[in-house]
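Asks: Chain by chain, the residues run as shown.
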Amino acid sequence: MNLLFYPEAEGLLKEANIPLAPGKLVTSEKEALEAVRQMGFPVALKLVSSGIIHKHQMGVVKLNIVNETQLKETYKEFSEKAKILCDPKEKWGILVQKMITGTLEIALGAYRDKSFGPVLMLGLGGIFVEIFKETSFRLLPLELEDIKEMMEETKLHQLLKTHTKSPSVMENLINIVLNFSNLFLSKPEIKEIDLNPILITTSDCFVVDAKIFTSSD
Amino acid sequence: MELKEIWDSFFYPKRVVIIGASSSSKKMGYHALKSLKECGFKGEVFVVNPKYEELLGVRCYPSLEAIPGPIDLAIMVIPSKEVIETLPQCGKKGIRCVLVITSGFSESDLFEGKELQKTLKKVAQQEGIRIIGPNTFGFVNLDGGLNASFTPSFSSLRKGGVSLLSQSGGICHLIMAYAMRENIGLNKIVGLGNRVNTDFWDLLPYLGLDESTKSIALYLEGVEEPRRLMEAIREVVKSKPLVVYKSGRSQKADEAAKSHTGSLAGPYRVYQGALKQCGAILAKDPLELISVAEALSLQNPPRAKRIAVISLVAGLGMVMADLLEENGFELASFSELTQKKLFALMPPYTIRTNPVDLGYIANNKELCGEVIKTVFEDENVDGVILSYIYSWSEDFLELPVEAIIEAMKKTEKPSLMCLDTPPGIWEDERKRLKAAGLPIFTRPDLTVRALSGLWEYGRIRERNKR
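So the sequences go chain by chain: B and W.
Numbering-wise, my numbering puts 29 at position 38 of the first sequence, and it's gapless, one number per residue.
Numbering-wise, my numbering puts 548 at position 198 of the second sequence, and it's gapless, one number per residue.
Incorrect hints may appear among the rest.
Away from chain W, derived, C-beta distances all over 12 Å, residues of chain B [what the hints assert, rightly or not]:
#	residue
1	8
2	18
3	44
4	68
5	108
6	192
Only part of the chain W face toward chain B is listed, based on derived beta-carbon distances under 10 Å [as the list claims (entries may be wrong)]:
#	residue
7	405
8	408
9	409
10	411
11	412
12	574
13	575
14	576
15	580
16	619
17	622
18	623
19	627
20	628
21	816
Calculated cross-link-like contacts (lysine-lysine; reagent style DSS-like; alpha-carbon spacing at most 25 Å) [claimed, not checked]:
#	chain 1	residue 1	chain 2	residue 2
22	B	139	W	634
23	W	590	B	139
24	B	139	W	588
25	W	442	B	105
26	W	634	B	146
27	B	152	W	655
28	W	815	W	564
29	W	464	B	105
Calculated from the structure, these hints are not laboratory results.
C-beta atoms are modelled at their ideal positions from N, C-alpha and C, and glycine is treated no differently.
Chain B extracted, bound-state conformation:
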């Protein structure tokens, strides 16, 4: 399986109406500074490439950068790491992403099972996923009612009620799940997608990290 490079993944999600955290892929320090001037501090920096699947483990994610000095330092560090971590044939870039602070992290994924066919997973994301295992699975296609049941099963429903002020957050998340399942069903070349985390703020939700895998051939 191939991991799609950021711009392609971004394009697919945008086309499917799935909101990504605002960000810009840059390849020079100058571009990075320019991007920050437009979106403002704080930002997060991530080294992205088709060869890097686990960014956190590789140490190529830096959150909450608040000034130009930090930005320049991190840019330098990541671009040096890129020379070691990335194959010269692979495209790489540094993603400057608007820093979003959420109260809740959600994971949404889909894959093609040998016997079940397309399967969707929704649940608590971030560090809680390992401890509480509050995840729920359904076969695709699914109905609105299924999404609601998944939210009840995983306690997302209760969490969203207590952590957000606006009822539209729940609706937005439901729409993301619906759009996501349509995207996965309409593109058989996509073998697996992993949106983790989707950050829930008090008034909205944004996909902060997306991994899209396509078949190798």
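Given chain B, work out where chain W should sit, using these hints.
Replies: What follows is chain W alone, placed relative to chain B:
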């Protein structure tokens, strides 16, 4: 419908032959014949065994051909290779339904076993024969008085509305013993074995049409075509409730399932989600499976979640209150009218609110009956749990059976009973209540879990209407 005819001749045959019945109680063939002889089967039984004149009073024939007239169902208890050799003879005799109890097919570790199963499938297809099995204890139809299995005890089960399809014979036996103690009523029980050409999805539509089946219980390990199973479930739950216990929650069990019936057990969590999605009710273990299915075969879903508890001892009422809350129910607040009636009927030193405590009036059957009827009639009550426990002695304390039955008849509200007694006590009362359609369980947790099953089915039905 052609399908219905095939399954009717499995479950309601007129003429049955056992191929491989034996005189030795050490052999399966002996027990299969014993089951069939002792189950009160109204049709004719034949045996093919060239070595004997008769077995257990049944005439033996040297071959299938020698039996005069047509045969509806053949039961095979012969070595695996002979099964394959005998199949064309069945075809020639016009037999369309065969139960193969014999093991040593795909479940076996030997390469030979897997090859034999492939051949069995091929020959069955050529001959146009449906096979239940191989590698199964058999099947039972209590509605038709037929025990086509190697366990004669299945015939002693009470006939009721629950039909069970199981991927394991062991689980059927476990459920049998429990159902006997709890007096749970079963209808059809099928051990699917290696599912050579009869799988869950072949039998589910039939059970959907079967009038004597009121609810369906499945014991599932894993199937090769899960989507096909889900589609069959989605269809059948439109007409009746279905409960599933899927094993493989633990890593180990998931691995064991792979070798057990030679099938591929999929990831448990995906099964769980997919089963919910198609409208199945999930059970956590085999006893919960059959308890929930029993309640669903007898009672309606509650309209809402306000439950009344009528208890003979305050303690048991508290236990029920705890369990109800844990399972998302609430204790109903009685209407003013009910409250007034209860205060008039009962003395002040007893609990006259929900959970109602009958303790101090327990020996007054008529008064208990009045209280029960009053609670049933309350518009704020969506379901009733009767919690009875044996105390004092039998001649002092009586169960208000008639009042309970009368109250049940007047309402659509579900009612369940939790009742435990020393063995042999209140047997007749228990039977009368059961016959009137009251599910009775000894365990408080299973009583409440059964109520949850009823509630879930109500939701599934609503969703299907939309």
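Asks: Measuring from the C-beta of residue 580 of chain W to each C-beta in chain B, is the shortest one below 10 Å?
Replies: holds, 7 Å
Asks: Given the hinted pair residue 139 of chain B and residue 588 of chain W, is their alpha-carbon gap at most 25 Å?
Replies: Judged against 25 Å, a Cα distance of about 21 Å means the pair holds.
Asks: Classify the hint on residue 408 of chain W as holds or violated, based on whether any CB of chain B lies nearer than 10 Å to its CB.
Replies: violated, 45 Å
Asks: Please verify whether residue 815 of chain W and residue 564 of chain W have alpha carbons no more than 25 Å apart.
Replies: holds, 19 Å
Asks: Double-check residue 575 of chain W for me: the hint is only fine if its C-beta lies closer than 10 Å to a C-beta in chain B.
Replies: holds, 7 Å
Asks: Can we confirm that no CB of chain W comes within 12 Å of the CB of residue 44 of chain B?
Replies: holds, 22 Å
Asks: Would residue 108 of chain B pass as off the interface with chain W, using Cβ distances and a cut of 12 Å?
Replies: Violated, since 6 Å does not exceed 12 Å.
Asks: Do the alpha carbons of residue 442 of chain W and residue 105 of chain B lie within 25 Å of each other, as the hint requires?
Replies: With a Cα-Cα distance of about 40 Å, the restraint between residue 442 of chain W and residue 105 of chain B is violated, given a limit of 25 Å.
Asks: Can residue 622 of chain W be said to touch chain B, with a Cβ gap under 10 Å?
Replies: holds, 7 Å
Asks: Interface hint check: residue 574 of chain W, Cβ to nearest Cβ on chain B, cutoff 10 Å. Holds or violated?
Replies: At about 7 Å, which falls below the 10 Å cut-off, the nearest Cβ of chain B leaves the hint on residue 574 of chain W intact, so it holds.
Asks: A closest beta-carbon separation below 10 Å is what the hint needs, so does residue 576 of chain W meet it against chain B?
Replies: Holds: closest Cβ of chain B sits about 5 Å from residue 576 of chain W, inside 10 Å.
Asks: If I take the minimum Cβ distance from residue 18 of chain B to any residue of chain W, is it greater than 12 Å?
Replies: holds, 41 Å
Consistency with the previously given hints fails for numbers 5, 7, 8, 9, 10, 11 and 25, ordered from lowest to highest.
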